[in-house]
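Trainee: Each chain, written out:
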Amino acid sequence: MSKDNEILEELTSREYEHGWSVDYEADEAPIGLNENIIRWISSKKEEPQWLLDWRLKAFEQWRKMDEPTWANVHYPKIDLQSLRYYSAPKQKSKSKKISDIDPELLKIYERLGISLNEQKRLQGVAVDVVLDSVSVGTTFKDTLSKLGVIFCSFSEAVTEHPDLVKKYLGSVVPATDNYYAALNAAVFSDGSFCYIPKGVRCPMELSTYFRINAANTGQFERTLIVAEDQSYVSYLEGCTAPQRDENQLHAAVVEIYAAKNAEVKYSTVQNWYPGDKNGKGGIYNFVTKRGICAGDNSKISWTQVETGSAVTWKYPSCILKGDNSIGEFYSVAVTNNYQQADTGTKMIHIGKNTRSRIVSKGISAGKSQNSYRGQVQVMKRATNSRNFSQCDSLLMGDQCGAHTFPYIDIQNPTAKVEHEATTSKIGEDQIFYCNQRGISSEDAVALIVNGYAKEVLNQLPMEFAVEAQKLLALTLEGSVG
Amino acid sequence: MTVSTKKDHQLVELFLSTQANLDKSGLLIELKSAAKSSLDETGFPTLKEEEYKFTNINKRILDKIKKYASPNTVNNIGDVLEANQLFNSLEGYKLIRNNGVFEAELSSKSDGSFIVKPFSDLNSDEVKEIGSIETINKDPFTALNSYSFESGIRVEIPEGAILEQPILLVDVISADANGECVHPRAYFHAGKNSQATVIEITIFLDESPVFLNEVQEWNIESNAHIRHYKLQDGHKAELGVSNTSSNLARDATFTSVLLSLNGEMLRNNLSININDTNCTGNMYGIYMLNGKTHVDNHTNVDHKMPHSESNELYKGILTDQSRGVFNGKIFVRKDAQKTNAFQQNNNILLSEEAILNTKPQLEIWADDVKCSHGCTTGQLDEEALFYLRARGIGKESAKSLLLYAFAGEVLDKITHETFKKYCEEIVHERLGAIK
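Heads up: the protein sequence lines correspond to chains A and B, in order. Residue numbers for the first sequence follow full-length UniProt numbering, beginning at 1 and rising by one. Residue numbers for the second sequence follow full-length UniProt numbering, beginning at 1 and rising by one.
It is possible that some hints are incorrect.
Selected chain A positions facing chain B (in silico; Cβ < 8 Å) [claimed, not checked]:
1. D79
2. H403
3. I408
4. K416
Simulated crosslink set (EDC-like; lysine to aspartate or glutamate; CA at most 20 Å straight-line) [to be verified]:
5. A/K380 / B/E353
6. A/K367 / B/E353
7. B/K329 / A/E418
8. B/K48 / A/E418
9. B/K53 / A/D66
10. B/K48 / A/E67
11. A/K45 / A/E35
12. A/K380 / B/E352
Stretch-level coverage of chain B by chain A, calculated; a stretch enters the list once three of its residues show a Cβ under 8 Å from a Cβ in chain A [unchecked claim]:
13. 242 to 251
14. 337 to 350
15. 394 to 408
Read the hints as simulated data drawn from the structure, not as lab findings. Heads up, the beta-carbon is just placed ideally off N, CA and C, and yes, glycines get one too.
Kindly generate the complete structure, drawing on both the sequences and the hints.
Mentor: Here it is, written out as structure tokens:
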């Protein structure tokens, strides 16, 4: 027991790997939030009038909304007026070619282990990198454009593909969906846009890497993925932030639109700075993610590994509108120290023969609180719909908590809905079994946790699975009490 | 958290004027005034509040009972009881309430193993007990009951008493044609090492609209074992709210079996507080709904101390335009290590218009526990139906057989033979009527 505690001590005091920051020249908006700031951001980005109107409308609505309090998380009230809503590294040229990016910025990403240099990268992953408020570069653009795949920063999409953006922006997550989504709609600075034309199977993984660098800055990015008929895309998202004493706000929106027979796979490894071991600092991660299976036989799959952030508030959802459409949600949420996570999913069955599957694995250690909150809704028209949900919690130590709030609302008698949840700890007998076979306690815990999370990790694309496993080990090894 | 609007306050005032403080003894004046201020302060919840998210009490209860009268007692309920088949088939200690008011004459007399007294005879220590387990701030209907009850009863099962026969808690309800509100109230104290079974039934003399708002408190001392069976089989104009809370001391057991078969709208809040080690809390229930019946079961087990166990099984069969709501909460506090808590909610939907909302909720702060919950919604197994039909059993009989097996798991938890047989019969009859 005491040895375990030592290991726990040692590991929890381990520094956050990506906690550094870099000084660079930046374009920044004045601190505060008002209509003028929104106009400022919009003009800075040279946006068309319709987008500005859209932002202002969202802002107008947002002002009438109250901050939601239903989530099982506690944090001091965020003073939104003390934040900066735009910060962008000054770029010498307007060009978006990788070769033209300021080498200083490239160094940031090299330090994070993400080389933007196409030749040096693993074949098969195209990356759009977002630093603070703007996208600094997108790789493999030429290869993709040959197939008609559009993968670029959001601002670029607004300029170059305004019709597409106008058509799909806010179609899945309306500007006034909720408090943070409305705030995002009003002040979002950049993000990624991805369009897969009809019948195209995207040959490589598309990826966005988010990095918050500047202090006192909120990050509000928007991702929009549109998959046309019979197309396929796998999308990855990763994120880190420097270690700072203040809490920083990240309120993103992700929208996915899947047309007939399309399939979108969205994977996230979220590793924002979680705060130090006393719960000081860290990112508030309030994200709205939603996908719509608009066409028949379409499929959206969310996979997330949540290890970072001081407070997480995130429910990637699927609206299963098309007949025979499929929604999936695989999640591993790890909380340590004073982290709080309230995460889960919503599966809304509208079409006939729709199927959904939820696998959520929560792991709590230290003094953290980990909640699963999910909803399975079967509407009247959704005959023969099927859902299976499983949410397991693993507790390490007696100071943490695991909570499950599953909502199941059924309006159709042919629906088959199953939900099961268990809570357990790593058994002494399991550790003893490993010890007997010469595996140290620490390795045994890593082994057991990885086995526990395997079902979800298996869903991740290979490049991410490696990172996720490393992250899990880093966050958890030895945390057994 | 409740944010009450001005409208709420008007409603509360209206209630307090019609549902006047009827306690003549004046002993419980403190509880009653506290209940009044609590209602004044919080008002009644709206759909925005988590606990009443799926049950629109404004539309379903409050709007209707505004016009209802305070309860009146009727005469000659002795004859009514004589004629009631279920009542006559059961033997035991009888506690008769006439529209919520205790009928000492018709009830069994206190003896060495069973002591009953109306609230007007309470001593000063006993007065303090009332409202200590089901506190007024737990639910607005508890506050309303606390303010409005006319006379409650306190039942004592003395230390070491093992009751061979059950306690029969019988409510006789005869409402005014325009509707009536009844607020029955009872406090049970089960002494150390005692054992008892309580069977609670309601007899309706007519089908006039009635609002039955019951509160029951259970103080279960160490190593006492209590079984509580309740049958809700009223009529289609019955609005029923019940709040039942129990405190368990070391080695105690509380088992609740609740059958909700009829009514317009039923809301049952059941809480078990596990305050010491080695306790067992069991909660079982069936809701079989037809017509436009709306049943909302909220259960809550709070594990505060280690080495205890709780089991929960609620099953629902929904037909017609009925709606079932289930919310089961299990809390396992930091000190409640080695807790085993299991919860299961299974539902069968048999019609296009039936709606089900269920939320099995687990909140766990202790690491060395075994907790699980499961929840299913579906239909009868086609293969099982085919199996029976292949053996020459008609479709309807096969269906009712399978449904009976489904419900049987809960019925089997009733250990009192006569009552179990009666429940089985009515469930069987109801299932036969399902097409």
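Trainee: Now tell me, hint by hint, if it's right for this structure.
Mentor: Results for each hint:
Restraint check, A/D79 versus chain B: the minimum CB separation of about 23 Å is more than 8 Å; hint violated. With a least beta-carbon distance of about 4 Å to chain B, the hint placing A/H403 at the interface is held under the 8 Å criterion. Using the Cβ-Cβ criterion of 8 Å, the hint placing A/I408 at the interface with chain B is satisfied: the shortest such distance is roughly 5 Å. A distance limit of 8 Å between C-beta atoms decides the matter here; for A/K416 the minimum to chain B is near 4 Å, and the interface restraint holds.
Taken as a hint, the A/K380 and B/E353 pair is honoured in the structure, with Cα atoms around 8 Å apart against an allowance of 20 Å. Taking the CA atoms of A/K367 and B/E353, the gap is near 45 Å; set against the 20 Å cutoff, the hint is violated. Annotation: proposed proximity of B/K329 to A/E418 holds, straight-line Cα distance about 18 Å (limit 20 Å). The straight-line distance between the Cα atoms of B/K48 and A/E418 is roughly 26 Å, outside the 20 Å bound, and the hint therefore fails.
Between B/K53 and A/D66 the CA atoms are separated by roughly 19 Å; this keeps the pair inside 20 Å, and the hint holds. A C-alpha spacing of about 15 Å is found between B/K48 and A/E67, which places the hinted pair at or below 20 Å, so the restraint holds. Between the alpha carbons of A/K45 and A/E35 the distance comes to roughly 16 Å, so the proposed pair stays at or under 20 Å and holds. Restraint check: the Cα-Cα separation between A/K380 and B/E352 comes to about 8 Å, which is no more than 20 Å; the hinted pair holds.
By the rule of at least three residues with a Cβ nearer than 8 Å to a Cβ of chain A, the coverage given for the segment 242 to 251 of chain B is violated, with 0 such residues. Restraint check on the segment 337 to 350 of chain B versus chain A: 4 residues with Cβ-Cβ distances below 8 Å, three needed, restraint holds. Note: the segment 394 to 408 of chain B has 0 residues with beta-carbon separation from chain A under 8 Å; the three-residue rule is not met and the coverage is violated.
Checked against the numbered hints above, the structure breaks hints 1, 6, 8, 13 and 15 and satisfies the rest.
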